[in-house]
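2 protein chains.
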Amino acid sequence: VATQCCIAGDIGGSNVRVDLVADDFKIIEKLKEPSGGDPVSVLTRLIDKLRNDLPEGLSFRGAGLAVAAIVDKRSGAVLRAPNIPAISGLDLASEISDKFGFPVIVENDANAAAYGEKVAGAGRDFDSFVMLTLGTGVGGGIIIGGRLLPVAAELGHATINMSGGPLCGCGNPGCLESYAAARAILNNAASALEKNSDSLLKTLHNGNTYKLTAEDIYNSALEGDTLSRSLLREAGKSLGVGIANIINMLSPQAVILTGGLIGAWNIYVETAIAEASKRAIPELFERVKIIPSTLGDDAGAIGMAGLVFEKNKQPKTRKTDR
Amino acid sequence: VATQCCIAGDIGGSNVRVDLVADDFKIIEKLKEPSGGDPVSVLTRLIDKLRNDLPEGLSFRGAGLAVAAIVDKRSGAVLRAPNIPAISGLDLASEISDKFGFPVIVENDANAAAYGEKVAGAGRDFDSFVMLTLGTGVGGGIIIGGRLLPVAAELGHATINMSGGPLCGCGNPGCLESYAAARAILNNAASALEKNSDSLLKTLHNGNTYKLTAEDIYNSALEGDTLSRSLLREAGKSLGVGIANIINMLSPQAVILTGGLIGAWNIYVETAIAEASKRAIPELFERVKIIPSTLGDDAGAIGMAGLVFEKNKQPKTRKTDR
Numbered sequence: 001v002a003t004q005c006c007i008a009g010d011i012g013g014s015n016v017r018v019d020l021v022a023d024d025f026k027i028i029e030k031l032k033e034p035s036g037g038d039p040v041s042v043l044t045r046l047i048d049k050l051r052n053d054l055p056e057g058l059s060f061r062g063a064g065l066a067v068a069a070i071v072d073k074r075s076g077a078v079l080r081a082p083n084i085p086a087i088s089g090l091d092l093a094s095e096i097s098d099k100f101g102f103p104v105i106v107e108n109d110a111n112a113a114a115y116g117e118k119v120a121g122a123g124r125d126f127d128s129f130v131m132l133t134l135g136t137g138v139g140g141g142i143i144i145g146g147r148l149l150p151v152a153a154e155l156g157h158a159t160i161n162m163s164g165g166p167l168c169g170c171g172n173p174g175c176l177e178s179y180a181a182a183r184a185i186l187n188n189a190a191s192a193l194e195k196n197s198d199s200l201l202k203t204l205h206n207g208n209t210y211k212l213t214a215e216d217i218y219n220s221a222l223e224g225d226t227l228s229r230s231l232l233r234e235a236g237k238s239l240g241v242g243i244a245n246i247i248n249m250l251s252p253q254a255v256i257l258t259g260g261l262i263g264a265w266n267i268y269v270e271t272a273i274a275e276a277s278k279r280a281i282p283e284l285f286e287r288v289k290i291i292p293s294t295l296g297d298d299a300g301a302i303g304m305a306g307l308v309f310e311k312n313k314q315p316k317t318r319k320t321d322r
Numbered sequence: 001v002a003t004q005c006c007i008a009g010d011i012g013g014s015n016v017r018v019d020l021v022a023d024d025f026k027i028i029e030k031l032k033e034p035s036g037g038d039p040v041s042v043l044t045r046l047i048d049k050l051r052n053d054l055p056e057g058l059s060f061r062g063a064g065l066a067v068a069a070i071v072d073k074r075s076g077a078v079l080r081a082p083n084i085p086a087i088s089g090l091d092l093a094s095e096i097s098d099k100f101g102f103p104v105i106v107e108n109d110a111n112a113a114a115y116g117e118k119v120a121g122a123g124r125d126f127d128s129f130v131m132l133t134l135g136t137g138v139g140g141g142i143i144i145g146g147r148l149l150p151v152a153a154e155l156g157h158a159t160i161n162m163s164g165g166p167l168c169g170c171g172n173p174g175c176l177e178s179y180a181a182a183r184a185i186l187n188n189a190a191s192a193l194e195k196n197s198d199s200l201l202k203t204l205h206n207g208n209t210y211k212l213t214a215e216d217i218y219n220s221a222l223e224g225d226t227l228s229r230s231l232l233r234e235a236g237k238s239l240g241v242g243i244a245n246i247i248n249m250l251s252p253q254a255v256i257l258t259g260g261l262i263g264a265w266n267i268y269v270e271t272a273i274a275e276a277s278k279r280a281i282p283e284l285f286e287r288v289k290i291i292p293s294t295l296g297d298d299a300g301a302i303g304m305a306g307l308v309f310e311k312n313k314q315p316k317t318r319k320t321d322r
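For the record, the sequence lines run as chains A and B.
Counting along the first sequence from 1, when you hit position 287 you're at 287 in our numbering, and nothing is skipped either side.
Counting along the second sequence from 1, when you hit position 40 you're at 40 in our numbering, and nothing is skipped either side.
Same shape as in the complex, but just chain A (with noise of 0.2 Å):
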C-alpha cells in the first residue's frame, strides 16, 4: 500500500511531462505540454498544478526530474543539453527547490529510466544491467549491485568507428550513435531513396522522404520492404558492435532495450544479437539475457521516483551525505 507519493518531471527536447507517482510506482496523474522556447517555466506551471492537486493520506516527498543531458552528479546542475538550450548549464535543482521548497533531484533521463526499470520493471530481477534507449538518439544508464551508477552512461557517444563515419551531434565522427538510433536510419534511408526507387518507402508521405519517420521504416520492412530491412539490419549490427563493448566492460546480467526501435526486434536488435554474440567475449556472452524494457515511456517518470523514494529512505543522521 502506497504512503508516500512525489512528483517525477521530465524536459525533453519537444515535451515537458510532470506525472505524480506513489511509492508503489502507480502513477496517479499525468500531465503533458510542447516545452516551447521556455521548459522550465512549462515545467514550473505543471508541477504547480499537481503539487496543488496532492492526494490526501499520501506524504509528499517532493521532485525528481530527469533531463536529456548531461548532469553534474554531486550538484544537479545541468552541465550540457544540446537539444534543450534552455536549459543548458542551469542548476535545474535549485532553481526549482528553491521556488517551491521541497527538495528536488535532477538526473539523465536514460539514467532515470535504467532505474525505473531496475524498482518496477524489466531489470527488477537483475542485480546488474544496461539499458539503451533507443530513440532518435542512443542513451544510457547502468545498474550495478542493484544501484544506479553514478556516471554519464553517455553510451550512444562511443566511438565504434575511428576511422571515419557519420559526424555526429556531439561533433565526433564514428559515434555507436550515429549508426544505430533512428535519426542516422532515416538519414541513409534518405540517402538510399535518391539513388535507388525501388521501394515502398517511395509510396509513403507522397514521396517526401524528409518525412519518413522510423516507424515508417520497420512497418514497411514487416511488410517485406528489402530497403527498409537492410536498413534495420546495418542498424543493427551497430547496435551490436555497441552492446558487445557493454559486455566486455561491465558483464552485466541483463542488456534492456527500449524505444520506438525495438518493435522491429526481429530485424534490428536480432541482428544485434547476432553481432554481440561475435564480438562479445564468450563466457560473458553466454550470461546475459538481451530484452525489451517493460515499462516503455513510463520508465523515466518511475525511476525518478524510485530515486526520490530512495533518498528519503537515507538515514537522516550521516550529515556527511549530500
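Just so you know, these hints were derived from the structure itself, not from any lab.
None of the values given here were measured: they were computed from a predicted structure.
Some hints here could point you the wrong way.
[Said to hold, decoys possible] With a Cα cut of at most 20 Å, we get these calculated PhoX-like pairs of lysine-lysine:
#, chain 1, residue 1, chain 2, residue 2
1, B, K26, B, K311
2, A, K289, A, K278
3, A, K289, B, K73
4, B, K289, A, K73
[Claimed, not checked] In silico negatives: residues of chain A with every beta carbon more than 12 Å from chain B:
#, residue
5, N52
6, R61
7, T209
Glycine included, every Cβ here is placed at the ideal spot set by N, Cα and C.
Guided by the hints, dock chain B onto chain A, whose structure is given.
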C-alpha cells in the same frame, strides 16, 4: 601501525609472484618464479614458503590471487585465461582455500591493480577512476564510489574500429588492444621495417626485428627515430579513442595509466590525451585527470591485499553476504 597481513599472489602469462603484505600496504616479502607448465603448483609452493615464515605479531587474514583472466565475480572461478591455459575453468579460490584452510579470493589482475592505486597509489584522492594497464595487451579496472566495480572491465576488448582492423587474440577484429598496446606496436614495427630501412630500429638486435621490445621502440623514439615516433603516435591515437569512450561512459575523475609503454608519455600518452580531448564530451573531459600510476608493478599485490583486508572488515553478522 600494521596489525594484519595477508598473502597476495599473481599468476601471469610467464611468472607467478607471491607477496606477503601488511595492512599498511608495505610489502614484507616478495617471491617470483617462472610459471612453467603448472602455475598452480608453483603458486602453492610459494604460498607455502611464505606461510611458514609469517611475521610475529601480525594476524594472518588469508590470500588474494590476481590472475590474467576473466573471473566469475560470485564464485571466484576462472572463466577464461587465454594466456594461462592451466587455470582456465578452474575454481582457483576453492582449490587454494581447500589446500591451506584459509580464505582465498580471486580477482582479475587489472582490477586488482586499480584497487591498489585506490588504497595506496595515484587514485587515493579520487572517488572514481578508471585504470588502464598498457602492457602486451590492454587491461582495465574501474573504481566508483571508492570501491572496485565488480565487473569484467575488459577495456582492451572494446571494438573501436567496426569496419575491420587487425584480428585480436580474442578473435574479434578492431579491438582497442589490437591498436594501442605493445604487441600491436611491435607488429606494426615489424611490417614497417620490412618496407622501410630508414630507422634506428634496424640497428638493434643485429637487425632481427622480431626481437624488438616496446622499450626499444620508445628509446628509439626518444632519440628522435621517425618511425618509432610515428608508431607510438599511431598507437596513442587509438588509445585516445578508447579513453574518450571511457570518459563518455563513466565520467570518472581520473584515468590512471600504467605499464611499460607509459615511459613514452610525451609521445604516446600526450597523443592519446589530444585525441581524447577531441572525442570526449567537453564538459566531461575538462573534469578528468589523465595521470600515471604510482605503484607500478606492485599495484596488483597491494590491491589484492586491500581486497582481503576489506573483506575482513565487513561485519560478520551480515550472513547474507557471500
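(message) Does K73/B sit within 20 Å of K289/A, going by the straight-line distance between their CA atoms?
(response) 17 Å, holds
(request) Taking the shortest Cβ-to-Cβ distance between N52/A and chain B, state whether it exceeds 12 Å. (result) At roughly 36 Å from the nearest Cβ of chain B, N52/A sits farther out than 12 Å, so the non-interface label holds.
(request) Mind checking the alpha carbons of K289/B and K73/A for me, to see if they're no more than 20 Å apart? (result) The given pair, whose Cα atoms are some 17 Å apart, holds under the 20 Å limit.
(message) According to the definition I'm using, a residue is off the interface if its beta carbon is farther than 12 Å from all beta carbons of the partner; does T209/A meet that for chain B?
(response) 26 Å, holds
(message) Need the status of pair K289/A, K278/A: alpha-carbon distance at most 20 Å?
(response) 15 Å, holds
(message) Checking one constraint from the list: CA of K26/B to CA of K311/B, max 20 Å. Satisfied?
(response) The hint holds at about 18 Å.
(request) Report holds if the minimum CB distance from R61/A to chain B is greater than 12 Å, and violated otherwise. (result) 24 Å, holds
Hint violations for this structure: none, all hints satisfied.
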